[in-house]
Amino acid sequence: MCGIVGIYLKNKKYNSQLGKFLTGMMNNMATRGPDSAGFAIYSSEKKKKYKYSVCSNTDQVKEISKKLSKHVKDIKVKSISDHLIIETAMKPKKFIEILKNHEELSLVGYGSCIEIFKQVGNPKDVVKNFSLEKFSGSHAIGHTRMATESAITTDGSHPYSTGEDECLVHNGSLSNHNNLRRSLLKKGIEIKSMNDTEVAAGYISNGLSDKKSLKETLLDGLKDLDGFYTFISGTKNGMAIVRDEIACKPAVVAETKDYVAIASEFQAMAHLPNVNSAKIFEPEPGKVYSWGK
Amino acid sequence: MNLNLKKESLRKVNETLQSIDRKSNKKIFKISNPDGNHAICAGLKDEIEVTIDGHTGYYCAGMNMNANIIVNGNVGTGVAENMMSGTVHVKGNASQSAGATAHGGTLIIDGDTSSRCGISMKGIDIIVKGSVGHMSAFMAQSGNLVICGDAGDALGDSIYEANIFIKGKVKSLGADCEEKKMNKKDQNILRSLLKKASINESEIKNFKMYGSARKLYNFNIDNVSEY
Numbered sequence: 001m002c003g004i005v006g007i008y009l010k011n012k013k014y015n016s017q018l019g020k021f022l023t024g025m026m027n028n029m030a031t032r033g034p035d036s037a038g039f040a041i042y043s044s045e046k047k048k049k050y051k052y053s054v055c056s057n058t059d060q061v062k063e064i065s066k067k068l069s070k071h072v073k074d075i076k077v078k079s080i081s082d083h084l085i086i087e088t089a090m091k092p093k094k095f096i097e098i099l100k101n102h103e104e105l106s107l108v109g110y111g112s113c114i115e116i117f118k119q120v121g122n123p124k125d126v127v128k129n130f131s132l133e134k135f136s137g138s139h140a141i142g143h144t145r146m147a148t149e150s151a152i153t154t155d156g157s158h159p160y161s162t163g164e165d166e167c168l169v170h171n172g173s174l175s176n177h178n179n180l181r182r183s184l185l186k187k188g189i190e191i192k193s194m195n196d197t198e199v200a201a202g203y204i205s206n207g208l209s210d211k212k213s214l215k216e217t218l219l220d221g222l223k224d225l226d227g228f229y230t231f232i233s234g235t236k237n238g239m240a241i242v243r244d245e246i247a248c249k250p251a252v253v254a255e256t257k258d259y260v261a262i263a264s265e266f267q268a269m270a271h272l273p274n275v276n277s278a279k280i281f282e283p284e285p286g287k288v289y290s291w292g293k
Numbered sequence: 294m295n296l297n298l299k300k301e302s303l304r305k306v307n308e309t310l311q312s313i314d315r316k317s318n319k320k321i322f323k324i325s326n327p328d329g330n331h332a333i334c335a336g337l338k339d340e341i342e343v344t345i346d347g348h349t350g351y352y353c354a355g356m357n358m359n360a361n362i363i364v365n366g367n368v369g370t371g372v373a374e375n376m377m378s379g380t381v382h383v384k385g386n387a388s389q390s391a392g393a394t395a396h397g398g399t400l401i402i403d404g405d406t407s408s409r410c411g412i413s414m415k416g417i418d419i420i421v422k423g424s425v426g427h428m429s430a431f432m433a434q435s436g437n438l439v440i441c442g443d444a445g446d447a448l449g450d451s452i453y454e455a456n457i458f459i460k461g462k463v464k465s466l467g468a469d470c471e472e473k474k475m476n477k478k479d480q481n482i483l484r485s486l487l488k489k490a491s492i493n494e495s496e497i498k499n500f501k502m503y504g505s506a507r508k509l510y511n512f513n514i515d516n517v518s519e520y
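The listed protein sequences derive, respectively, from chains D and A. Under my numbering, think of the first position of the first sequence as 1, with each following residue one higher. Under my numbering, think of the first position of the second sequence as 294, with each following residue one higher.
If a hint is listed, it holds; no wrong ones were tucked in.
Taking lysine-lysine and the BS3-like style, the derived pairs with C-alpha atoms no more than 27 Å apart in a straight line are:
id : chain 1 : residue 1 : chain 2 : residue 2
1  : A       : Lys422    : D       : Lys287
2  : A       : Lys323    : D       : Lys279
3  : D       : Lys249    : A       : Lys464
4  : A       : Lys305    : D       : Lys124
5  : A       : Lys501    : A       : Lys384
6  : A       : Lys464    : D       : Lys223
7  : A       : Lys462    : D       : Lys279
The set of hints was computed from the structure by calculation and includes no laboratory data.
Could you put the whole structure together from the sequences, leaning on the hints where they help?
Given below as structure tokens:
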């Protein structure tokens, strides 16, 4: 089943409430996916700085900072539940190589404005553990998982991020992910798990690195990705949604002058300001909708 | 009687509506703050009138019998699914599978519906003032589906003996669905349905009718190599 949600704020006055809005959306989608949950928050870009979201299997943050600072100058580590947000000017290629030497750390996402958090457990607990309510930013994407394609682990949780400031959440299942995984691995796209959604995220990263737009990539995906899906994909500039041609997997969009909200079910956004006077519609099958700068 | 879903639980509200004292005169109810909850007004069986002010979730008015339910908003998947009798009037849009498998009663939707409207319908009358999505009237067995707007792909796929009346464009027809000539009897059916939905009767001439070509009813020996 799974629940997916996304919100893009058009009006900056709501930026400080982004986390609060997403918390309500995730809590209301807990019924669709009680196994694990995760979310990606986009906040303003810090020039020449990168944020690395890392799931750590240790609580020794100080030691990790020390270890890493041997290799990296000017490093800032913030710890939230079992995640670390590591901020540094070091470029991804180099830093990811360094992270690979630390088995207790697994990278879940990176970029100049994205932060990703995911954890096994009921979404209502997960959002509490990460204090999602306190986050601010311009847009955010969330997922509540009912596991089908791979194990209930943090690795198997959404959102998936296979490129800088990219993320993807998915409601559905893909049937040709093994073949696609092989061809993407050959192209140098890094895919860590056996999960189908991570392959779709890799597919999008590959498209974007070929200088295609997100919209073009998702349209190509209608031909290349076989299975059932509603995807919400996030980038630095905004978010997009696409449903497969059969459109079994639900999605509702509510748009006001202040924000755009997407959810699997309307009840996920019933708490948003002025939602009852929003323009509410269901995305048509095989059509890409996107919002952003 | 006002029922506020912010103050009372959904189960309590549904229980109240499902156990009406037939001797009492309380016949008119109002539900506020539906907030997209599922199964609002499911399983009602008395001749009462319920107005829901706002958007509802899945299976709103499912299995309805006798009740007259009005939704001042949009409805989620499966509105009036398996309805037996009564009326459900949606003032907004409906999601997938509106009126699915319903045996009787009338479902009126002022806006559009998404895919599979009237899937496997078994006697219900559905009147959609807007357009319907793909695979509408899939395996529809009996009853009438009136569409004032357009229809998406594969309209009436594998249809049995239900009628489809449509004013707008059909993107494509499903297997075994074909245009039929409308006779007097059909026109009378359409007239009464338009009247129910307060649509001008003179519109009849703009509608086309579709139904089953009945070619899938029996096994065709020419297709034996397909199996």
